[in-house]
Structures are given as C-alpha cells and as structure tokens.
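Residue numbers (the numbering used here), protein chains in the order written: chain A, 1 to 213; chain B, 1 to 213; chain C, 1 to 213; chain D, 1 to 213.
Careful, some of the hints might be misleading.
[Claimed, not checked] FRET-style restraints, in silico, Cβ to Cβ: (1) A:59 - D:9: 52 to 58 angstroms; (2) B:94 - C:16: 44 to 50 angstroms; (3) D:24 - A:154: 53 to 59 angstroms.
Since the hints were derived computationally from the structure, they do not count as laboratory data. Don't be surprised by glycine CBs; every beta carbon is placed ideally from N, CA and C.
4 protein chains.
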Amino acid sequence: MKVLVTGFDPFGGEKVNPAFEAVKRLEDYIAGAQIVKVEIPTVFKKSIEILDRKIEEEKPDIVICVGQAGGRFDMTIERVAINISDASIKDNEGNMPIDEKTFEDGENAYFSSLPIKSIVSNIRSEKIPASISNTAGTYVCNHIMYGLLYLIDKKYKNVRGGFIHVPYLPEQVIDKKSTPSMNVNDIVLALTTAIKTSVETQNDIKISDGKTC
Amino acid sequence: MKVLVTGFDPFGGEKVNPAFEAVKRLEDYIAGAQIVKVEIPTVFKKSIEILDRKIEEEKPDIVICVGQAGGRFDMTIERVAINISDASIKDNEGNMPIDEKTFEDGENAYFSSLPIKSIVSNIRSEKIPASISNTAGTYVCNHIMYGLLYLIDKKYKNVRGGFIHVPYLPEQVIDKKSTPSMNVNDIVLALTTAIKTSVETQNDIKISDGKTC
Amino acid sequence: MKVLVTGFDPFGGEKVNPAFEAVKRLEDYIAGAQIVKVEIPTVFKKSIEILDRKIEEEKPDIVICVGQAGGRFDMTIERVAINISDASIKDNEGNMPIDEKTFEDGENAYFSSLPIKSIVSNIRSEKIPASISNTAGTYVCNHIMYGLLYLIDKKYKNVRGGFIHVPYLPEQVIDKKSTPSMNVNDIVLALTTAIKTSVETQNDIKISDGKTC
Amino acid sequence: MKVLVTGFDPFGGEKVNPAFEAVKRLEDYIAGAQIVKVEIPTVFKKSIEILDRKIEEEKPDIVICVGQAGGRFDMTIERVAINISDASIKDNEGNMPIDEKTFEDGENAYFSSLPIKSIVSNIRSEKIPASISNTAGTYVCNHIMYGLLYLIDKKYKNVRGGFIHVPYLPEQVIDKKSTPSMNVNDIVLALTTAIKTSVETQNDIKISDGKTC
Numbered sequence: 001m002k003v004l005v006t007g008f009d010p011f012g013g014e015k016v017n018p019a020f021e022a023v024k025r026l027e028d029y030i031a032g033a034q035i036v037k038v039e040i041p042t043v044f045k046k047s048i049e050i051l052d053r054k055i056e057e058e059k060p061d062i063v064i065c066v067g068q069a070g071g072r073f074d075m076t077i078e079r080v081a082i083n084i085s086d087a088s089i090k091d092n093e094g095n096m097p098i099d100e101k102t103f104e105d106g107e108n109a110y111f112s113s114l115p116i117k118s119i120v121s122n123i124r125s126e127k128i129p130a131s132i133s134n135t136a137g138t139y140v141c142n143h144i145m146y147g148l149l150y151l152i153d154k155k156y157k158n159v160r161g162g163f164i165h166v167p168y169l170p171e172q173v174i175d176k177k178s179t180p181s182m183n184v185n186d187i188v189l190a191l192t193t194a195i196k197t198s199v200e201t202q203n204d205i206k207i208s209d210g211k212t213c
Numbered sequence: 001m002k003v004l005v006t007g008f009d010p011f012g013g014e015k016v017n018p019a020f021e022a023v024k025r026l027e028d029y030i031a032g033a034q035i036v037k038v039e040i041p042t043v044f045k046k047s048i049e050i051l052d053r054k055i056e057e058e059k060p061d062i063v064i065c066v067g068q069a070g071g072r073f074d075m076t077i078e079r080v081a082i083n084i085s086d087a088s089i090k091d092n093e094g095n096m097p098i099d100e101k102t103f104e105d106g107e108n109a110y111f112s113s114l115p116i117k118s119i120v121s122n123i124r125s126e127k128i129p130a131s132i133s134n135t136a137g138t139y140v141c142n143h144i145m146y147g148l149l150y151l152i153d154k155k156y157k158n159v160r161g162g163f164i165h166v167p168y169l170p171e172q173v174i175d176k177k178s179t180p181s182m183n184v185n186d187i188v189l190a191l192t193t194a195i196k197t198s199v200e201t202q203n204d205i206k207i208s209d210g211k212t213c
Numbered sequence: 001m002k003v004l005v006t007g008f009d010p011f012g013g014e015k016v017n018p019a020f021e022a023v024k025r026l027e028d029y030i031a032g033a034q035i036v037k038v039e040i041p042t043v044f045k046k047s048i049e050i051l052d053r054k055i056e057e058e059k060p061d062i063v064i065c066v067g068q069a070g071g072r073f074d075m076t077i078e079r080v081a082i083n084i085s086d087a088s089i090k091d092n093e094g095n096m097p098i099d100e101k102t103f104e105d106g107e108n109a110y111f112s113s114l115p116i117k118s119i120v121s122n123i124r125s126e127k128i129p130a131s132i133s134n135t136a137g138t139y140v141c142n143h144i145m146y147g148l149l150y151l152i153d154k155k156y157k158n159v160r161g162g163f164i165h166v167p168y169l170p171e172q173v174i175d176k177k178s179t180p181s182m183n184v185n186d187i188v189l190a191l192t193t194a195i196k197t198s199v200e201t202q203n204d205i206k207i208s209d210g211k212t213c
Numbered sequence: 001m002k003v004l005v006t007g008f009d010p011f012g013g014e015k016v017n018p019a020f021e022a023v024k025r026l027e028d029y030i031a032g033a034q035i036v037k038v039e040i041p042t043v044f045k046k047s048i049e050i051l052d053r054k055i056e057e058e059k060p061d062i063v064i065c066v067g068q069a070g071g072r073f074d075m076t077i078e079r080v081a082i083n084i085s086d087a088s089i090k091d092n093e094g095n096m097p098i099d100e101k102t103f104e105d106g107e108n109a110y111f112s113s114l115p116i117k118s119i120v121s122n123i124r125s126e127k128i129p130a131s132i133s134n135t136a137g138t139y140v141c142n143h144i145m146y147g148l149l150y151l152i153d154k155k156y157k158n159v160r161g162g163f164i165h166v167p168y169l170p171e172q173v174i175d176k177k178s179t180p181s182m183n184v185n186d187i188v189l190a191l192t193t194a195i196k197t198s199v200e201t202q203n204d205i206k207i208s209d210g211k212t213c
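So here's chain A without its partners, still in its complex pose (with noise of 0.2 angstroms):
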C-alpha cells in the first residue's frame, strides 16, 4: 500500500507550517505502507493541480492532506469540505476569492472517506487530544479537501481520503495572547496514528462525536 500525505507552505504572516513541519518528520513506512511526502502551495487552484498531477504519479491507496488550524487546541480530523472559497485573507500568490465554487460541477459538499472516528479514538489512545471537526473553514483547506475529494469521485473511484488539521506549534505562539498549540512530536505521532488507523481500518467505527454546534 502506499499513502500520499501533503502539508502546505506556511501562510498569512507564519515562518513555518506546523503541518508540512509534522509530515516531513513522518516515517518512510508505516503499518508496512509507504509514505510519499509533498510540500503543497497554500495557492488556491495550483493546491489542487499539483495533487492531481502527485495522485496520477504516484497512484496511491490513500491520501491525506494536512494543514494548519491557529487557534483549535487539539488534532482535528475534517467530516466534510463544502464547494465554496471565501478567502479572509490573499493566498500565497495574492489570491483571495469571496464565495466561489471549487468545482462547478461538484457536489455541494463531499464527506471525508477515511475511518474518522476511529482516528480520533485511537489517537487519543495515544494520550493525545482529537476531535472530529464539521467544518474545514473556507480557505485553502477547504479548498483542497474539496478538490481531493472531488478527485477521487471524477477520476480516482478507488483512492480513500481526507483531510487533518493540526494546532500550532509552541513556537507560533509565543506572541499571541491565549492561543493554544501542540509539540510537533505529539503531532508527528497522530498523523502516524491516523494513517496506521486509515491503512488497517476498513469499516469506521461509530461512536459519538459530533457537536451541538
């Protein structure tokens, strides 16, 4: 099996990304899979085409992208991405769309198709705070969960995939004001949870885990 994990580029003002930091610490093989690496643009559009061009390379069993959440206080594993871009501030490339589809021809929203709720419960195995989360934003986040999932329904039927969040690392917040983060260590060991989780689940467990709101 093989696993395709992307982190973004930092973004809006930060020296790193907490996500792509993690999934370059990543092992080369887990639960016997291998994992292939990419550093995505936080660009929307090209985000999605460089994917496309990594899957139709590499044709993986899974994929997982990841991204930066600043300010969630735990590992957030995304339910679903909507068909809408509603940027608060430009992408890397001075991009900033206010309600635009992804995908003219997309569903309104996808729901993520890996094992989400048995990820969060066997992260927190882990000793590490996980939740799932309803909603990916609508930034480049969104944007790419969106496109993946778009992806695998138009063209790659058989690839499983979804999208994780993950809090800033310690050192993004020594100058913000009651702003939570994680080690990236902690980090780097959820992700290897939730592909060890996504390679060795085939049917997700059901266990509560949503929000009142």
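Fit chains B, C and D to the given chain A structure using the hints.
Leaving out everything else, chains B, C and D in the frame of chain A:
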C-alpha cells in the same frame, strides 16, 4: 410577504432557549412582512415534520429557523447544512442518532438561500457582533436547517430559507465559567435586522467573511 | 450617604470606555444614597491626583472605581490591588511605566473594603454573570484601585472603596474575533446593584468564589 | 548552589499533576547548582509546614514551587502571592477555607524574588510560550507561594524564591473541550531554563510584560 420564524424549545438541561425567547418577542410585522412565530421541539425528525406542516399551512415566502449556539460570542448566520446527524447528547425525546443521514435522497449539503453576507453586514451596522458560520454542528440545529433546505429543494421551490444561531442569554452563563452571552434585546434587534434584510434583499452582497479554518 | 463612582475615559484605541458609558447612565440616587459620577483620565498618577481631590471635595462614604476589562466575560469585582505598575501599552498621556511602585511607602497590596462577595451574589440574583477577580492587572485600573485604597489607608480612614471591571460593549467587539461583551443596560443594572449592596451591607457574606489559579 | 524545587501531587480529580511530572524529570544539576526535588501535598497549611522543614534541612539558595494551572496556555511565572485563601474545591485532606488569611502577621502580599522577567524572556528564547501572571489564584498554589515568601521574609532572609504555574499535559485534556495543554518535555525545558536563569541572574531585566487587566 410572509416570514415564518421558528425557535427551538430548551434542551441540554437549560431552562430557556434564547432562540425562542427572542423569536417570541419579535414584532408581528417587519418591513411590511407578516411574521409567523413557531416554537419547535428539539427532536430529530419530528422537528422537520412540524416545520413541513407549518410551511404547507402558512405558505411563507421566507423561512428562518433560529437555534441556541452555547459558547458562541456573536450572532452567527449559517452558510451550509450537511446530510448527517451525530448527536453528543440526547434530544428532548431521547433520540441520539450517530452518523445517520437526514434524507437518503438528499444532497450531501445545502447552502442557505438567505442573503447571509448582507445580514451580517446589517446586524453589524446595528452595533451588534455577527459573522458567517460554516458549520451548524451535527445536532438538531443542523438537522432542521438541512431539513428546511431539502424541503425547499424538493417541494417549496419558491421559498427562501436559512438558519441563524444565537448566543446564550446572560442568565444562562451565571454558573458557567468563561462563557459568552448576549442580551435578549440585542438578539431581538439582530433577528429583526436579519428578517428585514431577507425581505428586502434580492441579491446578496459579495464581501469576504470566511474563515481560514 | 454619598457614593463617588468613577469611570475611565477610552484608551488603547477604543472609541468608548464601557466603564464611563455605564457610570454616566446611573441614577442620581440609589438606595437613598447620592451618586456622584466622575470621568477620570486613563493616565498614571494624574488619575490618582484627580481622585484624591474629588474625595476631598465630595467627602463620600463609599468610592467605587470602574474600568474596562477587555476580554472578560462577566462583571468582575476586584479583590486586591498591588503596588506595581507594568504597562504593556502607553496611557493617554504617553506614560508607560515598567515595574514601578505606585507609592514607595504603601503596602505591597491592599484588599478592597467593599462587600465583594455580597455584590457578586446580588448581581447574579439580577441574572447577570459576575465573579470575584484576584487581579486588576498592572495598568491604570490596578493603579487607581491601589491609589484609592492607599488614600483610604493614609487619609480617609472612614471611607470604604474598591474597583469593578466591566466587559466590552457589543459595539466594541464587532471587529474582534471570539471576544465577549455585555449590553450597557446590563452593566448599569449590575453597577446599580453593586452600589446598593455597598450602601446596605455592613458585613460581607462568606461564600466561596475563589480560583484554583 | 542548591535549588529546592517542589511540585504538588494531583488534585481536583486529575490522575497526574503536570507540576511534579515535570519536576521529577529535571536533571540533578543545572547550571552547576544541585537540584533537590520534592513532591508536596495539595493541602492547606501542611504544604507550608513540609516546605519549611525541607528548607531547614536542605538550606537551599533558591526555592521554586511549581503548580498546575489548568486552562492556562503557557508557562506563567507568578509575580505576587496574596494573604488569603478562598477555595472553590476541597484540598486533598478535605479542607476548604473561605477568605482566611494564611498568616495573621504577614504582609497583604509578597512579590516573587526570582528574576521573573528574565525567566520569561529566556523561556521564550527556547521557543516555548511564557508570560508573567499577576495572580496565582486563591487556592493551594497561591497559599504555598505566600507561605514560601513569608518564611523567606521572617526566617530565611538570604533565600530567593517564587512560583511557576504550568499548563495541563495533553493527556489531561482529552475529555475537556477547548482546553490548552503543553508537552511534558517542553515544561521540563522551560523549568530548566527558569532554574538556570534564577541561578545566573543577579538583577532582573526591565521589560514590559504587564496586563491591562
């Protein structure tokens, strides 16, 4: 014109629901439109059935469902509802669905057909904090919003509809630590503004109000 | 009886200060006591000098200083003021003291002589969230509270005094993310309750309202 | 030189206390100074008695007490301890004092005699978030800090001392919503830096790190 406005009854151990507390205080006519106010039970399925019957009876032009968003700081206008229920607490009749679709033949998600950006902008002009939310959760609030937009898609093509989340009232947070709240008069003014905006706005404005995550 | 109530002018880039916005709306008589309202500049030293002069002139029985606590969720009745100033932003005349004592011959700290537990309890009875705070910060709010209690200790032995922090108004948080606020009418009601309690209470009640940290 | 470092045992239903979890992992020598590590019970009065005995036995040059600050985001170096206990939960022997003085003949408050600003600055240089706190609460943490500084004032004039609060560990927040945490290795590095700074710094630096409230 006629606007149907619903608010849920109290749930999760609360004595009041700020949604219906505010809805019942609305004027009977706003911007020339008649306002029909209904309290709806915080119950999966039954809430949608009651809503369906009410729409059939009242034949409104616009439907706005309102719910409590405990822990949120401002008025949040929901952008999208997803086809899943994942309850972390029981509803008011003991149901606690996990990862169940609301309608088997529905889209993965439906977008609000209210002018959400104009609503946010106009509420802010009244000096009340407001923003777009990209998740209505996975409990009865998302469920009724999804049900409303599904019904509109299938049966009531000419109706416009959406969902608004309101913070706790001050009296609800007296025994909760570090939890935001909003005065009921401010919520009433904000809802009035949302209704007025929905009645008077044909095409929504295009301003950025997205979230990076 | 006479109660002197002070509120600061706006600082830190804000257009209003919720403290004086509320203070100026107070009734002229509360619980039979005359209320004297004064706006005080958010300036180190000068604020204490003006307060001293005002106490000399008015000869109040009780002095309550009120200030803005941006980011706090509820009415906070301060327990203690410390003999240090450590400003993170300039005051309204450009002063920015770092680790300076307010009075060389003062105690390390002074405790409020208001019935702080009774005030919290009575404000909550009015359905408004309130709690004891154990720090008034190290800016002009702590400075005036320390100055007031120092003056009481040295010159005005029969006066009782203390400090109350109030949240932002809703209009102040429109452009701030995830920031709590309180309606000015609720703040006025809470302050009125605090004044009434101070006038009528000889001995404070003994109920727990501490913090583990 | 000798540094006595104390950490509390678990309280409030927690299975571990991040304070002693970190303290027990400290090296035996830091910056040439011998490190003596002691676990102290989270119990009013008894904790101070044990500390007093330990200081008498060990004759340290510096004493640093460490405690858990559940809900805080970063390492917080305490500036001041106040002469009051106001417990919101029982201590580990069932005591729950309300508004009681720790020592009748003590000052209203004592300031830390550690180089707190240098400690914050040096921990940040290690890429770990840290700040000054102006309240250690009113529970056993403030109690031991007050007791330590009282003992220094009365009996151990040549000793320098203070208190440091540490966040929850990740494993402690798995079932808590939106609660920050810090990896134990980061806490150990931060405490090591604080000890090194205390050993090597005669005069604290003068940089702003105050709070408006």
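Hint by hint, here is what the structure shows:
At roughly 55 angstroms, the beta-carbon separation of residue 59 of chain A and residue 9 of chain D lies within the given 52 to 58 angstroms, and the hint holds. In this structure, residue 94 of chain B and residue 16 of chain C meet the distance hint of 44 to 50 angstroms, their C-beta atoms being roughly 48 angstroms apart. Distance hint for residue 24 of chain D and residue 154 of chain A: a CB-CB separation of about 56 angstroms, consistent with the stated range 53 to 59 angstroms.
In this structure, none of the earlier numbered hints is contradicted; all agree with it.
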